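Each chain is listed here by its residues.
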Amino acid sequence: MNILNYTDEHQAFRKRLREFIATQVVPNAKQWETDHFVPREVWRKMGEGGFLCTGVSKEYGGMGGDFVYSSIVCEEMASSMQTGLAPTLHSDVVVPYITEYGSEAQKKKYLPRCVSGEIITAIAMTEPDAGSDLTSMRTTAVEQGDHVIISGSKTFISCGIHCDLAVVAARNPEIDDPYMGMSLYLLEADTPGFEKGKKLDKMGWNSQDTAELFFNNCKIPIENRLGDKGMGFLMLMGKLQQERLCCSMGAVYGAEMCVNGLMDYCKRTTDASDKPLSKFQAIQFALVEMATEVKLGRTFLDKLIADHMEGLDVKVETSMAKYWTTEMANRVLGKSLEIMGEFGTYENNPLVQGWRDMRVTSIFAGTNEIMKYIISKLMRL
Amino acid sequence: MFELNKSQKQIQKAVRSFAKGEFEKELVLELDRTGEYPFEIHAKAAELGFIGIHYPESYSGGGLGFVEQVLLAEELCAADSSFGITLTMAGYGAECILRFGSDEQKEAYIPGISEGRTLSGAAFTEPGNGYDITKLSCVAVQKNGNYKISGKKAGVVNGLNAGFYIVLCQTDLFAQPFTSGSSLFIVEADSEGLIVETSGERLSLNMMSMANIHFDNVEVPASNLIGELGKGYDYVQKFLAESRLLAAAQALGVARGAYERAMFHIKNREQFNRPIGMFQAVRHKIADMATNIALARLVTYDAAETFDKGVGDAAKASIAKMASCKAAMAVTDEAVQLLGGYGYMREYEVEHFYRDAKMLEIRDGNQYLHKDIIADAEIGKLKAKK
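Protein sequences, first through last, are from chains S and C.
Counting from 365, one number per residue, gives the positions in the first sequence under the numbering used here.
Counting from 738, one number per residue, gives the positions in the second sequence under the numbering used here.
Possibly wrong hints are sitting among the right ones.
Said to hold, decoys possible - For lysine-lysine, the following DSSO-like pairs were computed, each having C-alpha atoms within a straight-line distance of at most 27 Å:
id	chain 1	residue 1	chain 2	residue 2
1	S	LYS643	S	LYS631
2	C	LYS762	C	LYS1120
3	S	LYS562	C	LYS762
4	S	LYS639	C	LYS1122
5	S	LYS639	C	LYS1046
6	C	LYS1046	C	LYS872
7	C	LYS1046	C	LYS743
8	C	LYS757	C	LYS843
9	S	LYS563	S	LYS394
10	S	LYS472	S	LYS639
11	C	LYS1063	S	LYS659
12	C	LYS781	S	LYS639
13	S	LYS643	C	LYS1123
14	S	LYS679	C	LYS1022
15	S	LYS736	S	LYS667
16	C	LYS1063	S	LYS643
17	C	LYS1120	S	LYS643
18	C	LYS1004	S	LYS631
19	S	LYS639	C	LYS975
20	S	LYS736	C	LYS1063
21	S	LYS643	C	LYS843
22	C	LYS1118	S	LYS643
23	C	LYS1004	S	LYS741
24	S	LYS560	S	LYS473
25	C	LYS762	C	LYS750
26	C	LYS1022	S	LYS736
27	C	LYS975	C	LYS1118
28	C	LYS781	C	LYS762
29	C	LYS762	S	LYS563
30	S	LYS741	S	LYS679
31	S	LYS473	S	LYS603
32	S	LYS639	C	LYS968
33	C	LYS1108	S	LYS631
34	S	LYS643	C	LYS872
35	C	LYS1004	C	LYS1046
Calculated from the structure, these hints are not laboratory results.
Please read these numbers as outputs of a predicted model, since none were measured by experiment.
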C-alpha cells in the first residue's frame, strides 16, 4: 500500500515534468555545472510548464496543488544532475513565506511572477557570524515612518545571484531580546544599496549560485514587511517543518537513485574472471544494508509528508527525519563510491557528483547537530 | 612504545617548516582545477631530501627507513592533503626497481627520482578489470633480444608527467597459474608507440595526473626487464604492500590536518555566546577524532616498524591501510561538519581534505580487497565438502 495517494492527475504531472527534465535540463546540466550557473530562461521555462509553486492557489496564478505535487517535483529533480535550478527551494521553502504571511497586496504583486518563473526568490537568514545561532544575527531593520532601512550582510544564500526577491531576516536594533526583535522583509533586487557578492566556490552544488548578499542602507517601503513587526523568529520557526521535510525529500530521493544506480553497476560490472560484483557476498550484504536504509527513510518520509498534508505538528519528527535521512544519504553515497572502486573516483561517474552534492545536506537548513538540539528541547530533555 | 629518536624528530620539524613556507592555499585549489603538477614545490622538496627519503644514499636517497618515510608523509599530508599525497607519490612504482632491479637499472632510474628530475608511474591495472591484475591482456613478446609490448593500462599514477613507467605484462600466455607468467618492465615515457591520455577528472587530487596508456608495439631492450621473468605479479604484490603502508601514512596525515583545522575552528567560532568548543557534543566529536587518529597512528607506525625489520607482510600493510583510511574518512567528515557551512566551501581547506580522504580510501584497494587479503592471511585455505 502506498502511504501517499497518487492520483491520475499527479501521475500525468509527473510524466510532463519528467519529459521537461529529460529534454530541457539533463542535456545542459553538465554545462551548468561547469559554468557554475544556470540560465535564467530555464527558470522561466519551468514556470511556463507549470512546475513552479504548484501549491500557490489559482487566484494568484498557481494550480493550487497539494504537497504531493511538491514531492513529485523534488523527486524528479533528483535525477537532473544539477542544483542551480532549484524549484523545491523556491516553491516550497521561500515562496510559502509569502503565501502564508504575505498581505493581499504582496501576494497579488509577487505570487503570479513567482509562479511564472519571472521572479526567483531567496531566503536570507544565515550570516557570517550567525549560522546555527540565529539569535546572533546582526543585520538590522530600522523602521522610519513609511519606510525601512536594512543594513548588514548575509552568506551561503542559495540562488543569491539570480534572486529578484529576497525574504530577509533582520532585527530591530532597539530591542535587545533577539527573539522579539526579529522581522522579515521582502526586498527587491533592484533596491539601491543591495549588492550581490561573490558566488561561493563549494564542494558540490556547482551550478547553484550560492552567494553573499550585502545590504548597504537599503531603503524599502514599510509595506514590504512580511507579517507583523517582531514576529520574524516565530514565522521562521513556523516554516521550518516544511523546510526540513524538503531536505529529507532531497536526501531520500537522492539515496534511492544512488542505490538503484549502484545495484545496476554491480550487476553489470565483472572482475577479471567475469564474476559480477553483485555475486560477491560482501557486496551483496552491503547492497542489502543500503537498500534497507533507503526503504526505512522512504517509509518515514512518506508518513511525514502525509502527516504534514493533514496539517499535523510534526516538528520533532521532521527534525529527526532531516538529520537521519541526510546522514543516511551521505552514508549510502560514500559507500557506493568505495564499492565502485577506481570508477568511484572519476567525475564522469554521476554518483561522484552526487556524493559531493549530498554532503551539504547534513549542514544546511540547520546542521544535524542543531536538529538534535531542537528535538531535545521539544522532547523536554 | 614509539619513542621517536632525535633525527626523526628533526625530520618532522624540517618537513613542517618546508610545508609552511611552500604550501599555499590558493595554489592547491588552482592546481586541483587545472590539473597541473606542482613542479616547483616538487623540485624544492627533492632538494631538501624529501623525495626518496627511504632510498639508499648511493642513489641520492636519504638512506632511511619506512618509519621515516611514514613520518614524512604524515607531516606533508597534515600540512596539506593534496600537496602531501602528490609529493610522496613522485616516485610511484620506482621501488620495484629498487627492490628487484639490477644495479644498472637502479643507477639509471633512481637518482632521477630522488633528485627531483623526473617522476615515475606504475602501470599495473587494466581497463575494465578494477584492481584485479590476475588476468592481464597487456603482453610482452620477445623479439630479436628485445621485448615488444602491446595492450592497455588504466589509472597510471603520474601518467601524464612521468619520465618512465613500471609496466606489468604477461610474458607467458600459457602459465599455470596465469599470474606466474607476468613480468615487470621499465618503459621510458618517450618510447615510440606509447599513447598516453588522461583518465579524466577525478573527485580530488587532480594535480597528480592519472592516465590511460595504450602500448602499441612498444619496443624495450631486454635489459629493461625487472628481476626475473615470470615474477612480475609477486613483485607487484610486494610493492603494493609498501605502497599501502604509504597510503596509511598519508591518511594519518590527512586526518591530523583536518583535525588541527577543526580544532582551530571550534576554539574560535562563537555561537550562543561561547566558543562552540564548549558544547559537549562538539567536545566529544573532538574526542572521537583524537581516538581515530591515535588508532591510525599506532597501526601505521607499527606496520612501518615491521617493514623496517624485514618482517612486514601484505596483511599487515592492508590492516594499516584500511584502518587508517577509515579513520581519515571519519575525521575529515567530522571536520567538515564542525565547520558547518564553511566546511563545504572550497576556500576552507577541510573541504579538500575530505575529498582527498575519499580518494585514499578507494585508491590502492577498497576495504573489500583489503579484507580479502587480511582474511586470507588470518584464516588460510579452507575446503568445501564435495
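Hint check:
Between the alpha carbons of S/LYS643 and S/LYS631 the distance comes to roughly 8 Å, so the proposed pair stays at or under 27 Å and holds. With a C-alpha separation of about 55 Å, the suggested pair C/LYS762 and C/LYS1120 falls outside the 27 Å cut-off, and the hint is violated. In summary, the hint linking S/LYS562 to C/LYS762 is supported, as the alpha carbons are separated by about 19 Å, within the 27 Å threshold. Distance restraint check for S/LYS639 and C/LYS1122: the Cα-Cα separation of roughly 22 Å lies within the 27 Å cut-off, and the hinted pair is therefore satisfied.
Annotation: proposed proximity of S/LYS639 to C/LYS1046 is violated, straight-line Cα distance about 39 Å (limit 27 Å). With a C-alpha separation of about 33 Å, the suggested pair C/LYS1046 and C/LYS872 falls outside the 27 Å cut-off, and the hint is violated. Our distance criterion of 27 Å between C-alpha atoms is met by C/LYS1046 and C/LYS743, whose separation comes to about 20 Å. Among the hinted pairs, C/LYS757 with C/LYS843 is inconsistent with the structure: their alpha-carbon atoms are about 33 Å apart, more than 27 Å.
Of the supplied pair hints, the one linking S/LYS563 and S/LYS394 holds, its CA atoms being roughly 18 Å apart against a limit of 27 Å. Between S/LYS472 and S/LYS639, the direct Cα distance comes to roughly 63 Å. Violation of the 27 Å bound is thereby established for this hinted pair. Between C/LYS1063 and S/LYS659, the direct Cα distance comes to roughly 26 Å. Compliance with the 27 Å bound is thereby established for this hinted pair. For the given pair, C/LYS781 sits about 47 Å from S/LYS639 by alpha-carbon distance, which is inconsistent with the 27 Å threshold.
Straight-line distance between C-alpha atoms of S/LYS643 and C/LYS1123 comes to about 21 Å, which keeps the hinted pair within the 27 Å bound. Distance check on the hinted pair: S/LYS679 and C/LYS1022 sit about 26 Å apart at the alpha-carbon level, within 27 Å; holds. Taking the CA atoms of S/LYS736 and S/LYS667, the gap is near 20 Å; set against the 27 Å cutoff, the hint holds. For the hint linking C/LYS1063 to S/LYS643, the alpha-carbon distance of about 25 Å falls within 27 Å, and the restraint holds.
With a C-alpha separation of about 20 Å, the suggested pair C/LYS1120 and S/LYS643 falls inside the 27 Å cut-off, and the hint holds. Of the supplied pair hints, the one linking C/LYS1004 and S/LYS631 is violated, its CA atoms being roughly 48 Å apart against a limit of 27 Å. For the hint linking S/LYS639 to C/LYS975, the alpha-carbon distance of about 26 Å falls within 27 Å, and the restraint holds. This hinted pair checks out: S/LYS736 and C/LYS1063 have alpha carbons roughly 25 Å apart, not beyond 27 Å.
For the suggested pair S/LYS643 and C/LYS843, the alpha carbons sit about 43 Å apart, so the restraint of at most 27 Å is broken. Pair hint C/LYS1118 plus S/LYS643 holds up; C-alpha atoms about 20 Å apart against a cutoff of 27 Å. Of the supplied pair hints, the one linking C/LYS1004 and S/LYS741 holds, its CA atoms being roughly 25 Å apart against a limit of 27 Å. With a C-alpha separation of about 23 Å, the suggested pairing of S/LYS560 with S/LYS473 holds against the 27 Å cut-off.
Between the alpha carbons of C/LYS762 and C/LYS750 the distance comes to roughly 20 Å, so the proposed pair stays at or under 27 Å and holds. Between C/LYS1022 and S/LYS736 the alpha-carbon distance is near 14 Å, which keeps this suggested pair within the 27 Å criterion. The straight-line distance between the Cα atoms of C/LYS975 and C/LYS1118 is roughly 20 Å, inside the 27 Å bound, and the hint therefore holds. Straight-line distance between C-alpha atoms of C/LYS781 and C/LYS762 comes to about 17 Å, which keeps the hinted pair within the 27 Å bound.
Between the alpha carbons of C/LYS762 and S/LYS563 the distance comes to roughly 19 Å, so the proposed pair stays at or under 27 Å and holds. Distance restraint check for S/LYS741 and S/LYS679: the Cα-Cα separation of roughly 11 Å lies within the 27 Å cut-off, and the hinted pair is therefore satisfied. Taking the CA atoms of S/LYS473 and S/LYS603, the gap is near 21 Å; set against the 27 Å cutoff, the hint holds. Only pairs whose Cα atoms come within 27 Å are accepted, and S/LYS639 paired with C/LYS968 is accepted, the gap being roughly 26 Å.
With a C-alpha separation of about 21 Å, the suggested pairing of C/LYS1108 with S/LYS631 holds against the 27 Å cut-off. As the CA atoms of S/LYS643 and C/LYS872 are separated by approximately 19 Å, the hinted pair is consistent with the 27 Å bound. Proposed proximity of C/LYS1004 and C/LYS1046 is contradicted: the alpha carbons are some 42 Å apart, above 27 Å.
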